[in-house]
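Asker: One letter stands for each residue in the lines below.
Protein chains: 4
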Amino acid sequence: MSSIKSIGVLTSGGDAPGMNAAIRAVVRACIYNDLRVFGVMRGYQGLIDNDIEELHSNSVSNIIQSGGTILKSARSMEFKTQEGREKAYDNLRKRDIDALVVIGGDGTFTGARIFGQEHNFPIVGIPGTIDNDLYGTDYTIGYDTALNTVVEAVDKIRDTATAHSRLFFIEVMGRDAGFLALRSGIASGAEAVLVPEVRTDFDQLEHFLQNGFKKNKTSSIVLVAEGDEIGGAIKIADKVGKEHPEYDVRVTILGHIQRGGSPSAFDRVSASRMGLSAVEALMDDQKSIMIGLANNQIVHTPFNQALKNKKALNPQLLEMTKILSI
Amino acid sequence: MSSIKSIGVLTSGGDAPGMNAAIRAVVRACIYNDLRVFGVMRGYQGLIDNDIEELHSNSVSNIIQSGGTILKSARSMEFKTQEGREKAYDNLRKRDIDALVVIGGDGTFTGARIFGQEHNFPIVGIPGTIDNDLYGTDYTIGYDTALNTVVEAVDKIRDTATAHSRLFFIEVMGRDAGFLALRSGIASGAEAVLVPEVRTDFDQLEHFLQNGFKKNKTSSIVLVAEGDEIGGAIKIADKVGKEHPEYDVRVTILGHIQRGGSPSAFDRVSASRMGLSAVEALMDDQKSIMIGLANNQIVHTPFNQALKNKKALNPQLLEMTKILSI
Amino acid sequence: MSSIKSIGVLTSGGDAPGMNAAIRAVVRACIYNDLRVFGVMRGYQGLIDNDIEELHSNSVSNIIQSGGTILKSARSMEFKTQEGREKAYDNLRKRDIDALVVIGGDGTFTGARIFGQEHNFPIVGIPGTIDNDLYGTDYTIGYDTALNTVVEAVDKIRDTATAHSRLFFIEVMGRDAGFLALRSGIASGAEAVLVPEVRTDFDQLEHFLQNGFKKNKTSSIVLVAEGDEIGGAIKIADKVGKEHPEYDVRVTILGHIQRGGSPSAFDRVSASRMGLSAVEALMDDQKSIMIGLANNQIVHTPFNQALKNKKALNPQLLEMTKILSI
Amino acid sequence: MSSIKSIGVLTSGGDAPGMNAAIRAVVRACIYNDLRVFGVMRGYQGLIDNDIEELHSNSVSNIIQSGGTILKSARSMEFKTQEGREKAYDNLRKRDIDALVVIGGDGTFTGARIFGQEHNFPIVGIPGTIDNDLYGTDYTIGYDTALNTVVEAVDKIRDTATAHSRLFFIEVMGRDAGFLALRSGIASGAEAVLVPEVRTDFDQLEHFLQNGFKKNKTSSIVLVAEGDEIGGAIKIADKVGKEHPEYDVRVTILGHIQRGGSPSAFDRVSASRMGLSAVEALMDDQKSIMIGLANNQIVHTPFNQALKNKKALNPQLLEMTKILSI
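Protein chains in written order, with UniProt numbering: chain A, 1 to 326; chain B, 1 to 326; chain C, 1 to 326; chain D, 1 to 326.
What the hints contain is simulated information worked out from the structure, not anything from laboratory work.
There's no promise every hint is true.
What the hints assert, rightly or not - Facing chain B, according to a computed beta carbon distance under 8 Å, are these residues of chain A, among others: (1) 32; (2) 61; (3) 138; (4) 162; (5) 262; (6) 276; (7) 323.
To be verified - Heads up, simulated SDA-like pairs for lysine to any residue below, C-alpha to C-alpha not over 20 Å straight-line: (8) B:5 to B:94; (9) A:311 to B:297; (10) C:311 to D:296; (11) D:322 to C:280; (12) B:311 to A:296; (13) C:322 to D:63; (14) D:311 to C:295; (15) C:322 to D:58; (16) C:310 to C:133; (17) C:5 to C:133; (18) B:310 to A:296; (19) C:322 to D:59.
Unchecked claim - Some residues of chain C that are not near chain D, with every Cβ distance over 10 Å (derived): (20) 29; (21) 31; (22) 36; (23) 62; (24) 77; (25) 87; (26) 107; (27) 110; (28) 244; (29) 287; (30) 313.
All figures in this text were calculated on a predicted structure; none of them were measured in a lab.
The beta-carbon is built from N, C-alpha and C at its ideal position, and this holds for glycine as well.
Given the sequences, and given the hints that come with them, work out the whole structure.
Answerer: Dropping the structure here:
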């Protein structure tokens, strides 16, 4: 039988829609299994500040549909110091919390890995980030919602782009990864997609622009991941505007709307499955792993592997934008 | 080199959001590969009536975001007769159409299988139905959109259920399959889910109702698949209302809103992938297969297999509703 | 100077989106004016049960976007008795609450009027109902949101209606009033609208059906207010289906989704204005009045007038459906 | 009897959701009254280029729910010259078009006024702009939809703002007018609103920022109209960020999503009413007027009056933001 009697849960790093669904599942799974469960506020900083309170079934009533995180999130500088982590550990000990579920991205798991090793403390991670850039899971919590948010925004911009026969460059989040740009580009019928992972996509864009104008497309949309190597949407639009005066060029940077909103059905189900599985993993004496969904099944990946490997874009999806915008 | 020079595409059976995205991908993939492509109106009936027209790249501009199907859909009695199918074949021959892509559900594929064998005619199917009840694919086109539509509707009903502390029975589509009810139940935080595949779930409901009332839940939502063996939502609500006068019971039947709406990002991407792959499969001399997505990869399943096997509900998801509504 | 030092606020009757925005405005206006403010739970029943708590500025943080009502709503049988109202009065006195703001429909104001006269107690009402059937205001809180909910639902059904060339009868709320049916009918491009206020509209429908079929409309949508005198949508669809076998007839009853959802911008602004004005009216020694918006200005109407007069449908809007569906 | 036998309709200037609903109403009203009706593409430029085609009832089927404009829009330099307008007039004469309905903003009406006087040609205008900055109507077509778009975006940003306790400056459209910023600010519960019409609002913001931080608000949202005199959101955020290092400041510029999207119920009804009324006004021999909605009634305002007067912000609404964000 497991030695775990009490679990803490926190959200850390950038927030993502569906985090509340994951918190709810962690809390309800604990109660179902007769474990106590504690909410830690503002990520690791709440551990240090002892900003922790016990949660009950109705603490998480009616939150599955809410964006953001009821536990709030923050980046903690203090937790990067050994001293800060000592304080955190002491607070956990004082409250007899035996294990942690941490919801976040790679920064969150880096902290978790160090803390877990330093104090031999069981931690299981749940991938929550709109960027979908975590190795060890096909989908991160929040990615599907952000995709839908981007696609709805591009649909709206398409209305006005078509009315005026304009060329729009739309910047979406993704400093190091083009997952969001690529899938939302396909889903919104974008004429081209620029992502950090591919160096040659600007040539394709150039080819398309010369071609598209000849075919007299009624509007053109190019999605740009903020981390693309030629620069963000504003830079690229300037360049294209100068070289192609025949286009009426506009820019929109979607910004923080991508982080919020009521989570999609997909994210709510994934978050609920991962939340349950995180508690089960801890009860099965697992530690220092990230829960993931691969091929629609729950899988475990050691933090170390999740952090040092890089998830690749699907090359078939990259190829598709070229064919579909013909 | 492939002998296919010209492809017809049609939608048949109940329409589903994302069918237009699939049509667009079929058309663009044909043009990209220098094939001619023809749209057949109103499913198999259009083949018989010779209601067919050539499509071009801009025939499918600005449709990726639209629900319904620009080719319209219908059920054709005439195509069930050999005579009807002869007419259909003659019309295809007259126009030099070498192969078909058919988008629909099991009725569609049954027709395709017979016609393909009878006339040795290459047909590839794309699964389009909100019910997700097709073997050979993890997701059918329209399922994810319908899930989001149901979840948004239940979120709205939850508002009023909570304001009045009511028990709602909400009926969702699914005559033979509980996929839609099950996932939307999890995603909307339903207290219980009744599906055709499980005979004992009413006992669980009974258990929950006795329990939930004691805990004084502020509202309770039960999702009922229309095909559940105890009857639809109205029947069950009547039964529960009589046995539990302590509950203020209401019913909503979501109905045809579940079939419409702008497709979700997920459905648009899946539909686009399947559309491209259907054309590629025909160019690779495949026939009598359904395109599917399994483990996020394109797979082929012979019509015969797709039709005679039954896809099972994920038992872990069934178990989850019990834990999460504690 | 006003003798009011402390105000109670409650919601009663059917809930409507925007009630929370009104509660928030009442609370903030009280605090801005150095009054204490108390939330009464579950309408008049909470007065009787002494289910009342003081509210603060952050009690109403982040609720402006939520459907339902944080104060919950209920219909109270006990408040219809003099004894019940005595208890309510005693509880108000014990807490030194000097006045009430009640948010609801005609049932709510009937209770308010009796209680106010019986105990010489200042009460101001805010019209909150999706039906828009209150005399003394152009718009009730929740009406605009419900309109948008209905229109989005009909847009979805239009997708599938068009794909199959069907005739849909869609039933919307409105037992005694056709406001919701009429405006949502115009906004969704319905081919006909049946409302309780007009006896002859079925003849127009009949005329349209004979005409529309000839013109081969691709789909037809008829909106039916639940209180229409020929019966609800199911009854009418049966009748039409029998008399017009050339139509493929379907029915959807929209039901309780019409009561929920995040309130529209319009409802949030109206609710905020009315909430502020209700507090100001009490501070100005007003009583037994309903706050309303007429010609975009705040107006006061005595409860008695609001209850005994009937608001009429705009005849120009009725005429419009005929012209626009040509 | 009116001498008008044939009407042209065009959209000009920035597009706005609901323009299609207005076009549909113009077309159907013409047909209902046995007039011919012609669509002019790309605003006044289409008159000059003779890019005009006859419209029928089903030309406007299924467009009431679409953003943008099926007639496309553009700004025409050539129409500003007498020569250009001569060409336009000749093309109208050749097609026997007797009158025009023009949908747009003040630039559109300026052109209409000159052309109408120069050629004694009957023109009626319909106000279509998300800015709501036209004198002679309480609401312009597109304003209500844009309000809802902004409010939904701010709701999403509020999720992430709250999760991280941040201060967001959100820039909305409105170069000369704060209507959009003001109403969306109230509806989204913004802590402050900065508009071009008010010079002192930055002091109020400063006051709030000092106060809000003390009260430890969980998040703060400030809406900035792009035309505010201290500069757009980026400039203001820089200033505030330097002076208040205690705030974690972020900026989002909503951009062109505000112009698109399916129109709200309110805009569809207003657009339909105005479209009908424009045709009726021409049949009643009116000219050089703008159709408007004042106090929920159709009113006529001479172009000259609509252009030279400025609509004022409602001072009560300005006052409200201060009270509601307490």
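Asker: The structure should be examined with respect to each hint, and the outcome stated for every one.
Answerer: Structure-based check of each hint:
no.: 1; hint: 32; in the structure: holds (5 Å)
no.: 2; hint: 61; in the structure: holds (7 Å)
no.: 3; hint: 138; in the structure: holds (6 Å)
no.: 4; hint: 162; in the structure: holds (7 Å)
no.: 5; hint: 262; in the structure: holds (7 Å)
no.: 6; hint: 276; in the structure: holds (6 Å)
no.: 7; hint: 323; in the structure: holds (5 Å)
no.: 8; hint: B:5 to B:94; in the structure: holds (14 Å)
no.: 9; hint: A:311 to B:297; in the structure: holds (16 Å)
no.: 10; hint: C:311 to D:296; in the structure: holds (15 Å)
no.: 11; hint: D:322 to C:280; in the structure: holds (15 Å)
no.: 12; hint: B:311 to A:296; in the structure: holds (15 Å)
no.: 13; hint: C:322 to D:63; in the structure: holds (18 Å)
no.: 14; hint: D:311 to C:295; in the structure: holds (16 Å)
no.: 15; hint: C:322 to D:58; in the structure: holds (15 Å)
no.: 16; hint: C:310 to C:133; in the structure: holds (8 Å)
no.: 17; hint: C:5 to C:133; in the structure: violated (33 Å)
no.: 18; hint: B:310 to A:296; in the structure: holds (18 Å)
no.: 19; hint: C:322 to D:59; in the structure: holds (18 Å)
no.: 20; hint: 29; in the structure: violated (6 Å)
no.: 21; hint: 31; in the structure: violated (6 Å)
no.: 22; hint: 36; in the structure: holds (14 Å)
no.: 23; hint: 62; in the structure: violated (7 Å)
no.: 24; hint: 77; in the structure: holds (36 Å)
no.: 25; hint: 87; in the structure: holds (33 Å)
no.: 26; hint: 107; in the structure: holds (26 Å)
no.: 27; hint: 110; in the structure: holds (27 Å)
no.: 28; hint: 244; in the structure: holds (21 Å)
no.: 29; hint: 287; in the structure: holds (22 Å)
no.: 30; hint: 313; in the structure: holds (13 Å)
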